[in-house]
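There are 2 protein chains.
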Amino acid sequence: MNNTITTRRQFIKTAGGTALGLLAVGSLTGAAFSCSSNKNQVAAETTQAAAAFPWPYQKIDPTAAAEAAYAAYYTAGCMYGGFEGIISQLREAIGAPYDSFPSTMMGYGGAGVAGWGTLCGALNGVAAAISLVSDPKVRSPLISEVFGWYGNTALPVYKPASPKFEDIPVSTADSQLCHVSVSTWCTKSGFSATSPERAERCAWLTASVVKYTAEVLNAQADGSFAASFVVPESVTGCLSCHGKNGMGNVHNTNQSTCINCHSDLGANHPGG
Amino acid sequence: MNNTITTRRQFIKTAGGTALGLLAVGSLTGAAFSCSSNKNQVAAETTQAAAAFPWPYQKIDPTAAAEAAYAAYYTAGCMYGGFEGIISQLREAIGAPYDSFPSTMMGYGGAGVAGWGTLCGALNGVAAAISLVSDPKVRSPLISEVFGWYGNTALPVYKPASPKFEDIPVSTADSQLCHVSVSTWCTKSGFSATSPERAERCAWLTASVVKYTAEVLNAQADGSFAASFVVPESVTGCLSCHGKNGMGNVHNTNQSTCINCHSDLGANHPGG
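Protein chains in written order, with numbering that gives the first Met the number 0: chain A, 0 to 271; chain B, 0 to 271.
Rather than coming from a laboratory, the hints here were simulated on the basis of the structure. It is possible that some hints are incorrect.
As the list claims (entries may be wrong) - Stretches of chain B that chain A covers, calculated by requiring three or more beta carbons in the stretch to come under 8 angstroms of a beta carbon on chain A:
#: 1; region: 49-61
#: 2; region: 95-108
#: 3; region: 117-129
#: 4; region: 140-147
#: 5; region: 260-268
Unchecked claim - Beta-carbon label-pair distances, calculated as ranges:
#: 6; chain 1: B; residue 1: Asn267; chain 2: A; residue 2: Pro168; range: 43 to 49 angstroms
#: 7; chain 1: A; residue 1: Pro168; chain 2: B; residue 2: Gly265; range: 37 to 43 angstroms
#: 8; chain 1: B; residue 1: Ala218; chain 2: A; residue 2: Thr152; range: 42 to 48 angstroms
#: 9; chain 1: B; residue 1: Val137; chain 2: A; residue 2: Gln57; range: 45 to 51 angstroms
#: 10; chain 1: A; residue 1: Cys240; chain 2: B; residue 2: Lys158; range: 34 to 40 angstroms
#: 11; chain 1: A; residue 1: Val229; chain 2: B; residue 2: Lys163; range: 33 to 39 angstroms
Unchecked claim - Computed far set for chain A versus chain B, every beta-carbon distance over 10 angstroms:
#: 12; residue: Ala75
#: 13; residue: Val156
#: 14; residue: Glu214
All residues carry an ideal CB built from backbone N, CA and C; glycine is no exception.
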């Protein structure tokens with residue numbers, strides 16, 4: 000990942016009058032931008048009762064966090080697993096203010112939020128955890144590192160100490176969306192989304208995401224964090240025309256892929 | 000919305016060996032499923048220091064919540080605006096435990112989480128707020144009502160009392176994703192994603208989502224909540240073949256649309 004694209008405000012301009020010949024909605028591109036003019040401002044909700052923000056972080060054991068995430072997945076789902084995998088370790092090590100946080104609320108993000116298949120719940124959970132312990136000025140590079148790794152890595156990579164199955168196939172999602180990630184895995188593995196193997200895959204994946212996130216947070220705590228995610232060539236290829244300096248005035252730097260959705264480029268598009 | 004499809008575990012089976020002729024990843028379907036076997040279990044993190052879950056709710060003024068959301072958007076972005084629009088009213092009315100919640104953390108969800116264009120931050124924020132005040136058994140129907148309304152409504156519908164612009168165009172996202180929602184609006188309105196008009200649109204949209212969420216939560220508090228979202232015909236049409244009882248063994252009930260991404264049905268698909 001190039002820090003410069005995640006530590007500054009990112010704007011997109013949409014293509015008006017593009018000649019791509021795509022379906023009306025399918026042709027839309029460009030998403031990564033900030034929606035706040037002063038996002039680093041300490042929010043007005045801070046009161047005497049609230050602990051100083053961000054909450055304190057100290058290095059945690061990535062493997063212990065992954066094991067906690069695996070167990071938490073089977074308690075209240077993937078977002079809860081992602082959040083609680085990290086926060087349980089900090090609660091145990093530090094106590095207050097972590098012992099007052101209502102982690103149960105994070106169950107809402109399961110299956111891409113209440114089953115809607117949007118953002119992978121494990122990612123939503125670790126992003127929330129990163130945010131809780133990070134200065135708002137530095138959280139985005141850390142989150143982007145995890146999101147980029149997730150999209151480009153054959154997952155899961157972490158096998159729990161006491162798994163329900165000995166072997167779980169891996170797949171590369173090329174996306175951060177639950178719908179795409181799970182469906183890609185099901186198609187590759189041959190298991191249905193209703194299967195206990197699929198649930199186990201998501202539990203291992205949640206543990207994998209938490210382990211990587213713990214490593215990222217530990218590196219940040221050490222002052223040694225160096226972003227490794229780079230925008231894939233398949234995306235930079237699109238951006239060579241559709242980036243903010245090219246035709247169509249489209250800017251979409253953070254997505255790990257374009258063609259998952261924009262698969263129909265039309266007969267008039269190069270390569271279409 | 001049909002309560003029966005959001006209050007039970009929702010599983011998807013993916014199509015193996017489909018003859019749709021789609022690109023490998025583009026052909027994947029099916030997302031809405033639960034990933035927890037006992038999601039309603041009170042999580043193990045509850046300690047003496049934590050307030051009882053869910054946190055107390057009392058009816059709030061939807062317009063006041065919308066105004067708070069509009070202001071919060073310009074403080075720390077769309078997810079913060081969505082969450083804080085609701086929670087600020089409860090903090091003011093109830094005090095503890097709301098005065099200890101670190102709402103600043105919700106800034107992570109801006110622009111589809113750190114600029115990645117995934118889930119609309121306003122939706123992520125209100126879903127988190129709904130979850131904080133709801134028994135896990137009832138949160139999903141409430142969240143689904145807001146998600147369904149968002150996808151099918153020309154937004155924004157709420158004009159703040161002191162807006163930065165007098166007129167903001169509306170658009171129907173047909174999606175819950177930031178990338179699609181913003182790009183649809185930019186294409187329809189002619190404004191770029193870098194424009195102050197686009198930021199104002201997202202601020203009005205955040206206020207609109209919070210107002211609707213407050214109305215949903217108030218109805219739930221009154222015992223009068225009745226879900227109105229129904230899966231669109233465009234989706235039930237797809238599900239007539241790809242639903243869990245049809246060919247391909249695919250189940251994807253909650254998405255408000257399929258063709259935003261699955262626009263290339265291939266020559267061998269009916270209507271392709």
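Results of checking the hints against the structure:
With a threshold of 8 angstroms between beta carbons, the proposed coverage of the region 49-61 of chain B by chain A holds, since 5 of its residues qualify and at least three are required. Only residues whose C-beta sits within less than 8 angstroms of a C-beta in chain A count toward coverage, and the region 95-108 of chain B has 13 of them, enough to reach three; the restraint holds. Requiring three or more residues with a Cβ within less than 8 angstroms of a Cβ of chain A, the coverage given for the region 117-129 of chain B holds, as 8 such residues are present. Proximity of the region 140-147 of chain B to chain A, defined as three or more residues with a beta carbon under 8 angstroms from a beta carbon of that chain, is established by the 3 residues found.
Note: the region 260-268 of chain B has 3 residues with beta-carbon separation from chain A under 8 angstroms; the three-residue rule is met and the coverage holds. Between Asn267(B) and Pro168(A), the C-beta spacing of about 28 angstroms breaks the proposed range 43 to 49 angstroms. A hinted range of 37 to 43 angstroms for the beta carbons of Pro168(A) and Gly265(B) is inconsistent with their spacing of about 26 angstroms. At roughly 43 angstroms, the beta-carbon separation of Ala218(B) and Thr152(A) lies within the given 42 to 48 angstroms, and the hint holds.
Taking the beta carbon of each, Val137(B) and Gln57(A) are about 37 angstroms apart, not inside 45 to 51 angstroms as hinted. One distance hint, 34 to 40 angstroms for the beta-carbon pair Cys240(A) and Lys158(B), holds here, with the actual separation near 37 angstroms. A hinted range of 33 to 39 angstroms holds for the C-beta pair Val229(A) and Lys163(B), which are about 37 angstroms apart. A cut-off of 10 angstroms between C-beta atoms contradicts the statement that Ala75(A) is not in contact with chain B; the least separation is 5 angstroms.
At the 10 angstroms boundary, the C-beta of Val156(A) stays outside the reach of chain B, the nearest C-beta of that chain being 18 angstroms off. Distance check for Glu214(A) against chain B: the nearest CB is about 18 angstroms away, which clears 10 angstroms, and the non-interface claim stands.
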